[in-house]
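Per the UniProt record's numbering, the very first residue in the sequence shown carries number 1; after that it's consecutive.
In silico DSSO-like links for lysine-lysine, alpha-carbon gap of 30 Å or less: (1) Lys106 <-> Lys34; (2) Lys106 <-> Lys126; (3) Lys119 <-> Lys34.
Just so you know, the hints here were simulated from the structure itself, not pulled from any lab data.
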Amino acid sequence: LPLRGGWKAPKRQETHTLTDRYLNSSSHHHSAQKYGILNTLINQAIHISDRDSWKEEKHRLRITLQQNGYSLYDIDKAFKKQLSRLNSLQDHTPPDEQTQQIEAPKRVFLPYVQGVTDKIGRIFKKHNIIPIFKPATKIRNLLRPVKDIIPLGTPGVYEIPC
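Required output: the full structure, derived from the provided sequences and hints.
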């Protein structure tokens, strides 16, 4: 983090400090969500770490991602992608005229079912529609509401005296 005197090493969040658990690579989620975890963590490490702590942070992140089931190939690929993205952003700034003409891409949200949703997503991509995959079921959808429904005292219309 930028300070007046220089840079500071990134501070760990309490929730991930002890466990370093993130979305496991063998979980039933779309690959884009899994790679999104890799890219987000690496992007944060690149932008927050200073030059002195970068090697240590990179090593720690590689170990953490391996413990979450990601292969070294996927980790290295994500590091290269984020570093090349950073270099391209520093080298090139688009003209203002081009950025105003860019139209916002169309998106569609689909529940993720392995094998089926991927094929549907490819069809959408052919028509310049970005498919976004969401997990189909979540634990909170399977559980009953926490609050009990309290029935009315007597049936009928209630009147509030003024």
